[in-house]
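Residues per chain are reported as follows:
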Amino acid sequence: MNKETQEKVNQVLDYIEKDRLLAEDPFFSTRLLARTEHYFTSGQQQHGFARFGINKQPVLAIAVVVLGLFIGIFSASRLSTVNPAGPVAERTVRLEQLANESFITEINHSPEEQFLSK
Amino acid sequence: MTDREFIHGIIQRDNEVFKEVVCLYENNVIRTCYSLVHDDQDARDLAQEVFIEILNSAESFRGDAKLSSWIYRIAINKSLNYVKQQKRRQFLSRIGLRSAGSDEDHGNLPADINQLNAEEAMTEKEIRMVLHLALGKLPVNQRIAFTMCKYEKLSYQEIAEVMNVSVSSVESLIHRAKTNLRNRLEIFYRENL
Chain A
235 MNKETQEKVN QVLDYIEKDR LLAEDPFFST RLLARTEHYF TSGQQQHGFA
285 RFGINKQPVL AIAVVVLGLF IGIFSASRLS TVNPAGPVAE RTVRLEQLAN
335 ESFITEINHS PEEQFLSK
Chain B
4 MTDREFIHGI IQRDNEVFKE VVCLYENNVI RTCYSLVHDD QDARDLAQEV
54 FIEILNSAES FRGDAKLSSW IYRIAINKSL NYVKQQKRRQ FLSRIGLRSA
104 GSDEDHGNLP ADINQLNAEE AMTEKEIRMV LHLALGKLPV NQRIAFTMCK
154 YEKLSYQEIA EVMNVSVSSV ESLIHRAKTN LRNRLEIFYR ENL
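Order-wise, the sequence lines are chains A and B.
Going by the numbering used here, the first residue of the first sequence is number 235, and it counts up by one from there.
Going by the numbering used here, the first residue of the second sequence is number 4, and it counts up by one from there.
Don't take each hint at face value.
For the chain A half of the interface with chain B, some residues (derived, Cβ under 7 angstroms), not all of them [unchecked claim]:
1. K237
2. V243
3. D259
4. S263
5. L266
6. T275
7. V293
8. L294
9. F304
10. F308
Honestly, the hints are just simulated from the structure, not real lab data.
Beta carbons are placed, not taken as given, at the ideal position from N, Cα and C, and that holds for glycine.
Can you build the whole structure from these sequences, using the hints too?
In structure tokens form, the structure reads like this:
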């Protein structure tokens with residue numbers, strides 16, 4: 235290789251040191267943060283349902299409806315069931331006893347009973 | 004802050020952590036992209052894509068390599084994909100499927116180093132052009148190893164981690180890259196001076 239060629243080759247290879255020095259870009263991070271803003275403003279949503287590609291609002295709406303139905307059915311079934319140990323049951327038993335006593339009393343004082351007892 | 008804390012912060016969409024990662028790696032990512040695409044503005048655009056990719060795939064970071072290696076790998080992949088697209092565009096424009104002087108073509112770079120006139124290759128701009136064309140002709144692995152070493156000043160160990168190869172492979176790749184580069188430049192200047 236002649237001297238001139240050698241010089242040129244070295245000149246090009248030495249240029250790498252200069253080539254790697256890039257000018258600072260003061261707006262790089264500003265541009266990037268503007269582009270990625272939506273990642274942070276909806277961070278929770280992204281991290282939750284959106285992670286699976288599902289929109290949060292319809293899922294929540296369905297969940298509220300299902301929960302409402304469940305509470306409604308549960309309450310209704312609970313109200314319609316007579317708990318033998320509850321206060322309502324006690325009152326029912328008491329009324330039944332009073333009704334029986336009254337019935338027996340009524341029977342005892344009925345005209346038929348009075349006729350038979352003679 | 005450790006790598007794990009950085010990644011955890013990014014997964015949690017912590018803006019401050021992301022800003023810190025950008026601040027730490029901005030120059031490295033831009034320089035890595037530039038060393039492979041050889042265009043300042045394209046390198047900056049690609050670097051933006053790299054950071055967006057970091058946001059999107061932070062959860063896939065397994066932690067078996069350093070965060071910097073993972074970021075370098077994303078930057079390299081993005082840049083190489085871009086170069087591939089550019090080559091396809093240049094090919095299409097050469098065979099007439101695209102207009103030759105479209106906005107997406109970059110300057111007046113000749114497609115091959117041999118198309119350059121040595122007399123023109125005197126100024127700094129032209130030296131840069133010769134360098135970039137010669138680098139672009141290196142096999143991909145040699146190009147990555149060489150640019151990581153010369154542009155990023157990474158150690159052989161760090162390059163091995165980024166490229167997922169052994170240190171001895173990196174040594175060999177860099178040695179071959181230097182030899183290839185020198186040979187190409189010698190042939191070019193011998194024929195054109």
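Evaluated hints:
{"no.": "1", "hint": "K237", "result": "11 angstroms, violated"}
{"no.": "2", "hint": "V243", "result": "4 angstroms, holds"}
{"no.": "3", "hint": "D259", "result": "6 angstroms, holds"}
{"no.": "4", "hint": "S263", "result": "5 angstroms, holds"}
{"no.": "5", "hint": "L266", "result": "5 angstroms, holds"}
{"no.": "6", "hint": "T275", "result": "9 angstroms, violated"}
{"no.": "7", "hint": "V293", "result": "20 angstroms, violated"}
{"no.": "8", "hint": "L294", "result": "20 angstroms, violated"}
{"no.": "9", "hint": "F304", "result": "33 angstroms, violated"}
{"no.": "10", "hint": "F308", "result": "37 angstroms, violated"}
Of the hints listed earlier, those the structure fails to meet are numbers 1, 6, 7, 8, 9 and 10, in rising order.
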